[in-house]
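S.K.: If you want the building blocks of each chain, they are given just below.
There are 2 protein chains.
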Amino acid sequence: MTQIRTARRPALLASAALALVLATTPAMAQEKPEGHGSDPASSYEPSLTTLGQIQAEIPGRKPGDPVMTGPEYQKANTIYFERCAGCHGVLRNGATGKALTVDLTRDVGFEYLRDFITYGSPAGMPNWGTSGEMTEEDVDLMARYLLLDPAPPPEFGMPEMRESWKVLVAPEDRPTEKMNDIDIDNLFSVTLRDAGQIALIDGASYEIKSVIDTGYAVHISRISASGRYLLVIGRDAKINMIDLWMEEPATVAEIKVGSEARSVETSKMKGFEDKYAIAGSYWPPQYVIMDGDTLEPLKIKSTRGMIYDEQVFHPEPRVAAIVSSHFRPEFIVNVKETGKILLVDYSDIQNLKVTEIEAERFLHDGGFDSTKRYFLTAANARGRVAVIDTKEGELTAILETDGETPHPGRGANLDHPVFGPVWATSHLGDDTVALIGTDPVNHPDQAWTVVQQLYALGGGSLFVKSHPTSDHLYVDAPLNPDAEVSGSVAVFKVSELDQEEPEYTVLPIVEWAGITEGQPRVVQGEYNKEGNEVWFSVWNARDLTSAIVVVDDKTLEPKHVIKDERLVTPTGKFNVYNTRADVY
Amino acid sequence: MTQIRTARRPALLASAALALVLATTPAMAQEKPEGHGSDPASSYEPSLTTLGQIQAEIPGRKPGDPVMTGPEYQKANTIYFERCAGCHGVLRNGATGKALTVDLTRDVGFEYLRDFITYGSPAGMPNWGTSGEMTEEDVDLMARYLLLDPAPPPEFGMPEMRESWKVLVAPEDRPTEKMNDIDIDNLFSVTLRDAGQIALIDGASYEIKSVIDTGYAVHISRISASGRYLLVIGRDAKINMIDLWMEEPATVAEIKVGSEARSVETSKMKGFEDKYAIAGSYWPPQYVIMDGDTLEPLKIKSTRGMIYDEQVFHPEPRVAAIVSSHFRPEFIVNVKETGKILLVDYSDIQNLKVTEIEAERFLHDGGFDSTKRYFLTAANARGRVAVIDTKEGELTAILETDGETPHPGRGANLDHPVFGPVWATSHLGDDTVALIGTDPVNHPDQAWTVVQQLYALGGGSLFVKSHPTSDHLYVDAPLNPDAEVSGSVAVFKVSELDQEEPEYTVLPIVEWAGITEGQPRVVQGEYNKEGNEVWFSVWNARDLTSAIVVVDDKTLEPKHVIKDERLVTPTGKFNVYNTRADVY
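Chain order of the listed sequences is H and C.
Position 132, counted from 1, in the first sequence is what the numbering used here calls 282; the numbers after and before it change by one each time, with no gaps.
Position 440, counted from 1, in the second sequence is what the numbering used here calls 590; the numbers after and before it change by one each time, with no gaps.
Think of the hints as simulated: they come from the structure by calculation, not from any bench.
Every value quoted in this text rests on a predicted model; they were computed, and no experiment measured them.
Treat the hints loosely; a few may be bogus.
[What the hints assert, rightly or not] For each label pair, taking beta carbons as the anchor points, the in silico distance ranges come out as: (1) H:Thr521 <-> C:Ser497: 24 to 30 Å; (2) H:Lys316 <-> C:Tyr605: 48 to 54 Å; (3) C:Gln224 <-> H:Asp459: 56 to 62 Å; (4) C:Thr219 <-> H:Gly220: 34 to 40 Å; (5) H:Gln500 <-> C:Pro309: 32 to 38 Å; (6) H:Asp693 <-> C:Asp459: 45 to 51 Å; (7) C:Pro309 <-> H:Thr599: 31 to 37 Å; (8) H:Glu232 <-> C:Gln224: 19 to 25 Å; (9) C:Leu318 <-> H:Ile499: 41 to 47 Å.
From the three backbone atoms N, C-alpha and C, an ideal C-beta is built for every residue, glycine too.
The shape of chain H in the complex, shown without the other chains:
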């Protein structure tokens, strides 16, 4: 089903002498780059100058710069922001993905870039061309775009946040009790990535209860401590706060917290339930603490600063995963590029106390161990996991995962037949799954070491999944270029992990979904509340049919397939109870 297209030589080389040239220099939009409240780059207007006017000595224009029109540059900018910046950074300094600064891109050149974008790599670069997610023209455009300097991104402080902030239903106008018959704890919030929506799906009937407009490509859903409010954040940094008590659950408040973001969380400590929300941005590099009822922005804190080990300034330390401590009134904030884990004490936000733990880079995502005391988070560029003791507020350990680019999501907690409680992560860059001991009391020798390495379907894995009541560990591989791999899931039996070489069962999820067009990727298992079903997204291109396949966790047989024309590009799914209680 994979489409291989032949990329033709781009037109630009033939017509360079006559074409318009875009002199994209940082200076053009940075004449006053340092003033606070400086001109936002959203007003960035590339000017066009004929080639004859451009001299080599003009800043930003280098010999060999590709030819590009203004509208082309704007379009490429949008695509870069939506598809590439997440891994490669708004400033192109790299993180999960490689750096794409012009010194590097010009070194490899146009054709290399075009082919790489088209075919991807087993190390995690998606095959944007052959998967059909970018047209041949788009790929050509992006390869040219990467040879030019990026446009400077705008700041996004309190004035911009307040302007974007809307309370659609004031707290006093909301219901005082649940007004619907939805079993909220077994509801699934499902990201409809390219539709800019989420679907709320009933965990028992599989019925889509509502589809709600949100930001672009919602990254995660989080539930307030009371279970009432659902918070979702788009990659475009838009947050929707949805009241699940309303007759028809709907957005009651929204805000935009930057140009690009990934994480939202709410305060969970006893006494602070539903009091605050927090969101972390990729750009600008910062986080904001908001009122838990209205999303009113209260306190913004920049993460720009020194890389933990080299101690050189980094201009773009992006905020990755945020979790909420169960032991202290603290948010635990992962900062990617500086490799720091921040313990943000929300008990007094006027006198904000932040403990900055030197960990490792690039911090990405992670989750709690089964006791919720320890937070394990992947430092993916260095193949490591950092462990934080959220009760004591300090670093417990940093360990190698023995795999390439760990990507745990929240990870999975298993009761290993030999090593007791372990936490699992798979890897973007290879087929390994690392099982890490998490029980320093009864298994001190294994604590915070890789006790076992499993081999699953292949590289390009994003998520592992298990449940306290389950004997299974599911491992996906949605970013693997091989359609058969990206369309399946591997399942290990936890009780058989005492074997020398544990085997896994392959679940052909795409086949079960009955989808034959495109290269749908199977992504992110999520349990229902009871823990007896696990749901997988079958994520196809926007104009093709997607689905959710529900697997019986006991029999590993397909139990139901959710197909609906509203189910456009489903990716992450968040069961309300499991998300709220950090059960994984």
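Given chain H's structure and the hints, the job is docking chain C onto it.
M.R.: Quick look at chain C alone, frame taken from chain H:
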């Protein structure tokens, strides 16, 4: 004695068509402005292009830009850094002084700038031209320079710090007991501003014990908790650590912590004596914690972030005064532009805990009350003083000083005949002295309010001074354009502050020094250890005679004049005991 010179019309306007033009655009040195470890701007090399080549559409070049050669720009850059950046900011965004961004400077124009630099203002701008500190050509140069964009300043992280770091005498090679007969506690460390030196002067004999090479324009001296190590920091961010136990006190370690700095301090909490040093920089905006024996840089923390009230990003939040808490293992760090006071917990610098107190801007300098529990610090742009409770680690109060641009130095503590313990600050912008109640237990109604306003000689005051054993309050006015004012000191009797309109005595310090050339400024009273003498600097131009005048605190008569050809541009003086024990 003031010289008024006639500023002639600059040559540039006549010869513009033929002159070389410097296209100073941020882009030239910012082609890769955002990469960590990006090219330091120290390698910034302005290129020269003939006027005919410059088109209006070239970034950074605007119609009306003045004409300037490369060497002229470099010279102006150096002068700006040495004389102007302290008040106006490396990025020219303003702080104590006005913003000097090109939108503003081009609005007022060349002649206005030239005259303002020449004559100064009573609000605190020095009269650089008429004081003789800049030649007419320098003033002309600076007025033209201000019409151009500034060169981007370089980052200065751990690699640069470590490269600059030198241990000249290792701790194990230093004496284990004091090897000289100096009465260290009554030694004065005197800044020889333009010589890039300090003089160590014996408090009893007035003898210059040594002159030690340091950074440029040493801003302050601080003494380690044990009294052994003297730390001085230049405006060029160079720190010298001088061992006062050596037979001949000398620098045993040195480091450069940035391009521009003001503050250094050492850990004073019980159990941490002499363990750490800290320095704060103006550029880059950051502070660094160093080993207290060797100045080895251990931890750098950026201060770039949000302004406390508007919550918009500021790229240059400079670190002003730092003091060391006597109640907790914390440094108290004033950040000017963001208006935040940081409590930096040095008990575990790998897991650095910082409490960020929202205060006011622009935080500058301050000192403790007489109990050393409360830290009072001026937010000079808003005419306020913020009070921090260093025992509880929180903001106690913010109050108006009812004067323009308070500049307390460390302030002065008095036992007021009516209001009990008060803390005093004078003002850069007017002749007022504010007395602020500091006794919430016995005088709760007066605590953290201005209980009395005194009127001294005039605007341009930098320092007030008193001593626990003294009945006097001294107020200088070194930046006043009037030579008679800047050459004198006002003295109030503390016991007479119960009068309706307290009068002051004028001490004609310059006259007592017998200096008739230049416009020497009388600056910064400092007591000897016993508290019975006050020393004032008579700070003249570099090539003219300066002096220190020692005043008998009981009689207010001159007791001694220190003149020595080595005493070049003396400014700040720091008595070892009073500085170490925070007696003021």
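S.K.: Each hint needs a verdict: does it hold in this structure or not?
M.R.: Here is how each hint holds up against the structure:
no. : hint                              : in the structure
1   : H:Thr521 <-> C:Ser497: 24 to 30 Å : holds (27 Å)
2   : H:Lys316 <-> C:Tyr605: 48 to 54 Å : holds (53 Å)
3   : C:Gln224 <-> H:Asp459: 56 to 62 Å : violated (35 Å)
4   : C:Thr219 <-> H:Gly220: 34 to 40 Å : holds (36 Å)
5   : H:Gln500 <-> C:Pro309: 32 to 38 Å : holds (36 Å)
6   : H:Asp693 <-> C:Asp459: 45 to 51 Å : holds (49 Å)
7   : C:Pro309 <-> H:Thr599: 31 to 37 Å : holds (33 Å)
8   : H:Glu232 <-> C:Gln224: 19 to 25 Å : violated (45 Å)
9   : C:Leu318 <-> H:Ile499: 41 to 47 Å : holds (46 Å)
Of the numbered hints given earlier, the model fails hints 3, 8; all others are met.
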